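Protein chains in written order, with the numbering used here: chain D, 89 to 338; chain R, 637 to 1077.
A partial selection of chain D residues facing chain R, derived with a Cβ cut-off under 10 Å:
(1) Q164
(2) G182
(3) T191
(4) R197
Keep in mind the hints are simulated off the structure, nothing from the lab. It should be emphasised that the depicted structure is a prediction, and the values quoted were computed from it without experimental measurement. For every residue, glycine included, the Cβ atom is placed at its ideal position computed from N, Cα and C.
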Amino acid sequence: MPLLEVKNLQVRVEEREILHGLSLTVDAGEVHAIMGPNGSGKSTLSHVIAGKPGYEVTAGEILFKGENLLEMSPDQRAAKGVFLAFQYPVEIPGVATMTFLRTALNAQRKARGEGEFSTPDFLKRVREVAARLNIPQDMLRRGVNVGFSGGEKKRNEVLQMALFEPSLCILDEMDSGLDIDALRVAADGVNALRSPDRAMVVITHYQRLLNYIVPDFVHVMSKGRVVKSGGKELALELEASGYAQFEDAA
Amino acid sequence: MNVALAKAETGPGLRGILAIPRGRLPGAGKVADYRRQAFDAYENAGLPHRRIEDWKYTDLRVLMREVLPLAPEPDAAALTRAVAALKLYSIAGVRRLVLVDGVFVASLSETADLEQGLGIRTLCAELEIGDAALQAQLLAPDHSNPMMALNSAMMTDGLVIDVADDAALTQPLHIVHIASGAVPAAMFTRSLLKLGNAASATLVESYIAAEGAKTYQVHDSLLLSIGDGARLDHVRLVEDGREAFNISSAVVTVGARAHFNSFGMTSGSHVSRYQAVIACAGEGARVETNGVNLLNGRQHADTTLFLDHAVPNCSSREVFRAVLDDRGHSVFQGRIMVRPKAQKTDAKMMTRALLLSDEAEADNKPELEIFADDVTCGHGATTGALDESLLFYLRARGLPEKEAQALLIQAFVGEAIEAIANDDLRELAVSAAQRWLAARG
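Isolated chain D (complex conformation) (with noise of 0.2 Å):
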């Protein structure tokens, strides 16, 4: 059984279809990168694996693990394995990052009917993950995101993507407003994730993180559909040739 089956999915925003029949699987182990142009759609699809409010799904469906995403609630996503990396992770001022943590770790673990985590263990589990990430010890006693750098909110969404250990990572333009070294140092954190039993979607508008994270798989999206698949040199060539040709083609 795949990890992910999306197919033939239609997606209305406020009577705008968005998504106009997207088809996708992807299986455990397995790192597929998702391209398009601005408004293709890549950020939608996103979305709606993730469950945010507000998109209409109006036809297809997506199956994860066999089980019909689209009927559970944002939360139930995240218990089952379902991890959604924000291209604009938010401030939440006042919940600072560690309670945060452990709040979400054990309402994930509570759903899926295990213990929660003692302190102490969570504690050292965060501590480690935050070393590996160059994440300093006082950056998770503020406020979640807030002050923040570019670099570093992204790095907190890797950071939380190793504590949930979710099955299925969908990271959503990770290098937007990254420089090149804080790219490498969240690139570097995800691929350390990378395992037989997890699998990532790696949304991009730039063929440059590609460089870091490698994908097996390569799709372009424009218009709403993927509208070409292949190997990792599919991004090289989009590279050189840039999406115009296939604005045609959708």
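Please build the complex by placing chain R on the supplied structure of chain D, with the hints as guidance.
For chain R alone, coordinates are given in the frame of chain D:
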């Protein structure tokens, strides 16, 4: 304004008040004169209503309609009920002082082994046989505010606490107002805390009800006199029954270089009003007065603060938060007066309301009156719903909807709660907020 109407609506219970047994309204001579003048002032004005600017959002003629008769002195059954209520609200490490139905109950209070420099007496005793200086302080409030006037006329008991110069109390004082709720009735209390120069103390006030208490009215007043260089930490928690009325006034005088840190949280009572007049009376005084209203159902809570900057170099901060569900109605009126001599005043006021329902209402009325030219003053007010993008972020990380809301609500009120200096009391406020959130289901 129709005067006849005003008088008719002062409430049927009032005429009978003069017939109350002499023993229930302590004090003769000056005290009795003061009561009479106060009563005349109240009777003349009647219950305040919306056409009086200060009561625009809290029309007591509509909301309260009448003043209930004076509560009887608590009997054995009332005390048993009070004890049960106390068990649920006890705070570790404090010195407890209990008023049941407006009457001080020594057997439930801790008045032995007082710390050096601490004196505790009752209002009742003080009005009967107190020293002239303290009595003068107790009778200081004027009769311009009708509900304060009513309180002045009717006050039966309360605490009179004296902290000597330089005394640093380590144990917080906790005044607990309990309504036994046996019959619909009103209680009238007044307490005074006089903090000497360079002294420090912590005062906690709780308003609670015995189980099953129905309609009752709390009419309370608190007089705080904070000496030069002294520090008072003040926390008040209104957790009255859902059919109760709580009309409380405070008059605070802050001396030179003194520090007054106050926090109030209202999650109980059907209708409540907290009106405080805080005067920076000595140079270098510092005031922080923060508050949180957590309301649902048809609860109405009004916080009306008057910060009076009379002398130079004082600072004040007001941080106020309201979380409103269902048809909850929160009112915040903050008036800052900077008098001509009060140069270098630094006064700021920020109020924010979070509406969890379309039918909730928040009224914010900031007023700045500045008569000095070298000051920093500011105010801000916002009203809005929970941020959907924050909610989605939390839910995408596994938090169910109610938990995600609760976390954001706690963060929202947290800024006001954080200012509580004492760790235990801050925890107390946090847990009161959590109780409210848990009750939302």
